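Given the coordinates of chain U, assemble chain D onto it according to the supplied hints.
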Amino acid sequence: MKRLHVLLPMLLLLCVLLPVSAQGNKAEISDEVVLTMGSWRTDDVEQMNRLLNAYKKLAPKVTIKFQPTNPPDYNATLRLQLDSGTGPDLMYARSYAAGQELYNAGYFADCTDIPGLMENFSASNLAPWQMSDGTMFAVPFAAVSHAVYYNKDIFKKEGLSIPENWEAFLSLCDTLEKKGYTPLANGLADEWDILETFFFGLLPNYIGGADMRVKYESGELPLNDRNFVEAYQAMADVAQYCPDGFESVTYNDSQVLFNSQKAVMFVDGSWTAGVYKDAPFDWGLFAIPAPKGKSTAICFHPDMAITMNTATKHPEEARAFLAWLCSEEGATTASQNLPSGYFPMIKFPIKLEDPHANEFLSLNAGRKTDARFVWPKLMNLYAPMNQAVIKVMKGDISAKQAADSVQALM
Amino acid sequence: MRIKHSRHFPWLLYLAPALLVYTVFMAFPLIDSLRLSLFSGNNQVTRVFVGLDNFKRLFTDPEISTRYWGAFFNTWKFFFVHFIVQNGLGIFFAVLLTQETMKGRQIYQTIIFIPTTFAVLITGYLWKLMLNPVWAGDFLVSIGLPFLKHPYLGDTNTALWAVSLVSCWQWLGIPTMMFVAALRNINVELLEAARLEGAGSVKTFWYIKLPLIKPIVGIVAVLTFVNNFNAFDIVFAMENVNGAPEYSTDLIGTLFYRYGIAGQHPIGIPDAGLGAAIATITFLLLMVLVIPTLRQTQRGA
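Taken in sequence, the protein lines are chains U and D.
Quick note on our numbering: the first sequence kicks off at 785 and runs consecutively.
Quick note on our numbering: the second sequence kicks off at 217 and runs consecutively.
What the hints contain is simulated information worked out from the structure, not anything from laboratory work.
Quantities reported herein were computed from a predicted structural model and do not represent experimental measurements.
One thing to keep in mind: the hints can contain errors.
[What the hints assert, rightly or not] Cross-link-like lysine-lysine pairs, in silico, BS3-like; alpha carbons within 25 Å at most:
#, chain 1, residue 1, chain 2, residue 2
1, U, K1046, D, K365
2, U, K962, D, K365
3, D, K365, U, K1178
Same shape as in the complex, but just chain U:
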């Protein structure tokens, strides 16, 4: 009996210790280098693996493993990994504040002197991943756009045409509704989509491009001026053309409504284009039209960039990959492997194969473009603006009250 008393705890202890010692170091023998790449694009594993395989042909000793995280968890997970020293060697970097924060924390490497970076991208495409002193913390990779998806078949059947201005857009919605269609698929339940795709999509029409946005950021213009009130009013005006019960329509519902031809138009981001690849009807795109007397501008948003970890064990290999992305050859390969709805940001003229992707890009021609309004400097206004848009669309507050509620927080 007594011996058992000694034996049992020993056994228990052994059980605890065994897995610890078993984990010991697995020595790497070969000179092969394995880099990991963190990302929030879980949908793009196939495309990214194609891209990384193409790179492997150029650098046979370097294997890059794509390890994406669920999009809403990416920032938190990445932060946790970096904090605990288990971060990936290469990773996607968010634009503006979220990215700057990680550079300031010392996790993102200084990419400024990567060959080709400063030469091959325009200043406005560099800006989202640039510190105020001009230091670059990532290599720009892809942008997204926002527009109105429309069902060409129904437009043809009813003899409708693309509206020239916002007023025509509203009367188009009215016509569709009178004919028994649901004009717009957009809803409010998921909250982010109505703000990011619709409100930020039409905002450049009312306030202008990046040059005007800066004036709002500096406080030169208030966030409740006529332009803003008109923009909120526009949201209030379209509410009646959204589905019945749009208050509880989620982003997913919206996609299904458009895809099943229950709704004729859908204001959405370019990243959805792939969803309608196999749609049984013909669809097209037009820019969210500006009101009479203003010129249509596009919300073309810098979305993803790739950077390297300052703590990586293989800085040279990681840098070489980033430099390749800045070269014409690398950028072309990368662009051809981007999922539809993501657009290269490099200066070289790159031909995309997907017709809808080109349709999206053609909307930019001759127009001003800008990022989503709050991203560059006013991210703290994201949630208040989101709530203001929702309340305006529900008719709880007026457009003026919505604008005032946001300006009050400046």
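Chain D only, in chain U's frame:
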């Protein structure tokens, strides 16, 4: 000496594995998260001791405190709906199911219990579709109930009630089963004696059955309280982590998730200290309310 030794050591030995697991995986994280509420920063290196600053921010920062009190009162509403609807119906069904004259008891019991075996994400999603006029509206019109067509989950006046009732529907089986078990334990002689004395079923319930199952009522009340103050999943499944619409379904659980774990979309930088402060307050609140309840109802049990 020898006798004492052999008497006391074995039970400690058998308890040791459970105690070890409990300490490492329950007690230590709990105490550590209480400690965490006094720090700011997200990792060991950048963590700074800030005293009660997280609590101060929670109650004085206009944005954070508005959200906290909103979530706090929503959680109470969420709990009361469960307490009254879920547990009330639980007792009601349990009394019916234990009636000797009841036929097809097994079938009803199964029907009531089945929803508890479903995943919350699935029931939440299905109810979300059923409560959505876009998908269910035509059906309601076709069966002649067009007035029921309403965006329940998108209306600030109805969203929290809808979510709470769906959760009640799902978990109704648990209190029902516990009450059934308790009622079956009541000595039949007692009930017969009451009947012979001329007590009707209402009187029997109030004066015989209810007092005898009081300990179970207490346990169920405590479980309802603890579970609902930590609720998160049903809101996550039916609305979103912001407690849409307009924070009207924001519970302490979702608030904690936003501040402490995921961070606010779209930047998504969590504030672990603030999250721990929210959790600490919830923990203290549960302690303060659960201990007297258990004392009250478990006396002599």
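Decide if the proposed pair is consistent with the structure: K1046 (chain U) and K365 (chain D), CA atoms, cutoff 25 Å inclusive. Holds - the C-alpha atoms of K365 (chain D) and K1046 (chain U) are around 18 Å apart, at most 25 Å.
What's the verdict on K962 (chain U) and K365 (chain D), does the C-alpha distance respect the 25 Å limit or exceed it? 21 Å, holds
Agreement of K365 (chain D) and K1178 (chain U) with the hint, judged by alpha carbon distance not exceeding 25 Å: Between K365 (chain D) and K1178 (chain U) the Cα gap is close to 17 Å, so the pair holds against 25 Å.
The earlier numbered hints are all upheld by this structure, with none contradicted.
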